[in-house]
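Enquirer: Here is what each chain is made of, one letter per residue.
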Amino acid sequence: MITTRNWILVAILLLLGAVPAAAAYFEQPFYLDLLRRVMIFAIAAVSLNLILGYGGMVSFGHAAYLGIGGYAVGILAHHGIHSGWLQWGLAIGASALVALAIGAISVRTSGIYFIMITLAFTQMLYYLGISIEEYGGDDGMRVPVRSQFSGLVDLNDGTQFYFLVLGILAASLFLVHRLVNSRFGMVLQAIRSNEARTRAIGFSPYPYRLAAFVISGAMCGLAGALLVNHTAYLTPEFMNWTRSGELMFMVILGGIATSAGPLLGAAVLLLLEDVLQGWSLLPREAVRDHWQLYLGIFLVLVVLFARRGLAGLLPGKNE
Amino acid sequence: MNYILIAEQTLNGLQLGVMLFLLAAGLTLVFGIMNLVNLAHGALYMVGAYLTTWFYQATGSYLLAVVLGLAGTLAVGIVTELVALRTLYERDHLDQVLATFGLILIFNELIAIVWGRAALYSTIPDYLSGHVQLTDSLRYPLYRLVIIGVGLAVAVLLWFTVSRTRIGMLIRAGASNRAMVAALGVNIRLLYTIVFGVGAALAGLAGLLSGPIYAVQPGMGELILIQVFVVIVIGGIGSIRGAFAGALIVGMVDTMGRAFLKPTLATVLSPTAAETAGPALASMLIYLLMAAVLAFRPEGLFPSRGS
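Each protein sequence line maps, in turn, to chains W and G. Per numbering that gives the first Met the number 0, the first sequence starts with residue 0, numbered consecutively. Per numbering that gives the first Met the number 0, the second sequence starts with residue 0, numbered consecutively.
If you're looking for bench data, these hints aren't it; they were derived computationally from the structure. Honestly, I wouldn't trust all of these hints.
As the list claims (entries may be wrong) - Ranges of calculated distance between the beta carbons of each label pair, as one might list FRET restraints:
1. W/Thr158 / G/Ala178: 55 to 65 Å
2. W/Leu174 / G/Phe159: 50 to 60 Å
3. W/Ala20 / G/Ile77: 53 to 63 Å
Claimed, not checked - Some chain G residues flagged as far from chain W (calculated, every beta-carbon gap over 10 Å):
4. Ala70
5. Leu119
6. Tyr126
7. Ala154
8. Ala172
9. Ile187
10. Gly196
11. Ile225
12. Phe228
13. Pro262
14. Leu300
15. Phe301
Note that this is a predicted model, so its numbers are computed, not measured. From the three backbone atoms N, C-alpha and C, an ideal C-beta is built for every residue, glycine too.
Hey, can you work out the whole structure from these sequences and the hints?
Expert: Laid out in structure tokens, this is it:
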């Protein structure tokens, strides 16, 4: 069944597909770059929404998989392997493995323990990234050659890269949509709303939650591979804990456990950051230098007063 | 020679441990009693360090600066509790994490607006600087010994308050069953504010003590905060005893790992391999320890009784 909300989401994706032509017409390639970044983070937020929104697992360490995806591409590129099939395959595989390891320990816990453990493991990976001098250590390293796909797609071409990201975003939205409406997704949501009753009707929560955690990690790893191709620079900052916080905020801002939420949240947060940092109309330099202050105030206000998120404002029935 | 190094590093580990304890005690109490995840606890640590450094430069008296710094952090903590956190007690953990994450951004920027982004130079008075001759060949900085002493004294005081006084009894009762304590006529709001204020002052104390050792700069609270999370996860959330044990374990393991892992690895691996693996492994050690503890004791070493 396709709801009104999902038709709106499809319309948004179609609009995004029209952006390259518009950007070329108005000669504003900058917006192509900005929207590509928005979509990459939207993929990460979509993956987080699967476990945070539908699974009820408050992961405060989702940036870890952005980092692992990024490092998978960066490390292979550093050793002269530029095949995107290998790089992205490794990004997804390694993220899934790490998610399996972290998940195996953390999914057994819940509530505050889960939050702190996912945060701590991501911080561990962050320090690991900082201490490996071979791959840039604290400073990070340039990844000058983008992933190569046997001549099928050329990531150096801004428009082709844009459409690839859009395609992956659409695919992840579709995948999560199918997952949460499948038997698997129903069990996952049942565990979120009442774990005891789900147990009572014969489902063990652990394998379902762990599977969702791994799928989510792998998807976010792919976003990491896209991100490092986008920035052409790899640093441990990919895994900084504030990144995890931003991803969580995107999900909440957009509307938790909604299909359009992560995309809306990523778009609003990143565009807002961009406006606050670069908008020449803001009265003084000093205001722009302290844009995080306004971001913080915005965040607190959203959490306190706008629980339903942006997707709640869209026409159509609440999910 | 080697024994001296080990003794010195043990003291360093103890110093880091009591520092972590000062932060963990407040955080674990606030969580245990109010069920509040307060990421902004690290911001109070930062406020303590800034206020004390600033008052010391302004007044020239260290003791006065310490008193004013503690009082200032207490005030900032209570105002934060009244204005922002009070509305969060009834919310779920996700909201608390995000709102206090927002508070961190606000605190960091406010500090940067007032004092700038560069690290502040923090000094200690003459009577606390210098070294103490502990044994014939072991000289140790007096200031670090003072930190250890203050930390242990606070630990004893807290233990006494929590286990032997009336307010401590209320705190323990609040941690195991909040609704029941409120039903018995205790002003739970006031209890919350007191506990939060004490936690804030302890964080400020940790901040002002650490100022001369680590850098006083915006964002200084977050790095240590995540270590504090590891401490209370290992110790068991809501338990002062657990916070103390966890803090000492984490402080020791982290310090020893950084000091001895590389030379130890060099005896089994090639020097270049040890050069790479040593620091990497040392920085991951406390998180691996946390994983190991959780694998066997998912509730931590000293799970708090009750809820």
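Enquirer: Confirm or reject each hint.
Expert: Hint-by-hint comparison with the structure:
1. W/Thr158 / G/Ala178: 55 to 65 Å: Distance hint for W/Thr158, G/Ala178 holds at roughly 60 Å.
2. W/Leu174 / G/Phe159: 50 to 60 Å: Once the Cβ atoms are compared, 57 Å apart, the range 50 to 60 Å for G/Phe159 and W/Leu174 holds.
3. W/Ala20 / G/Ile77: 53 to 63 Å: At 57 Å between Cβs, range holds.
4. Ala70: The claim stands: G/Ala70 keeps its Cβ more than 10 Å from every Cβ of chain W (closest is about 25 Å).
5. Leu119: It holds; G/Leu119 is separated from chain W by about 18 Å at its closest Cβ, greater than 10 Å.
6. Tyr126: holds (37 Å)
7. Ala154: G/Ala154 clear of chain W: closest Cβ-Cβ about 22 Å, beyond 10 Å.
8. Ala172: holds (20 Å)
9. Ile187: About 20 Å separates G/Ile187 from the closest Cβ of chain W, which puts it past 10 Å; holds.
10. Gly196: holds (21 Å)
11. Ile225: violated (5 Å)
12. Phe228: Incorrect as stated: the minimum Cβ-Cβ distance to chain W is 4 Å, not above 10 Å.
13. Pro262: For G/Pro262, whose nearest Cβ neighbour in chain W is about 17 Å away, the distance exceeds 10 Å, so it holds.
14. Leu300: Non-interface label on G/Leu300 holds, nearest chain W Cβ at 13 Å vs cutoff 10 Å.
15. Phe301: Check passes; 14 Å lies beyond 10 Å.
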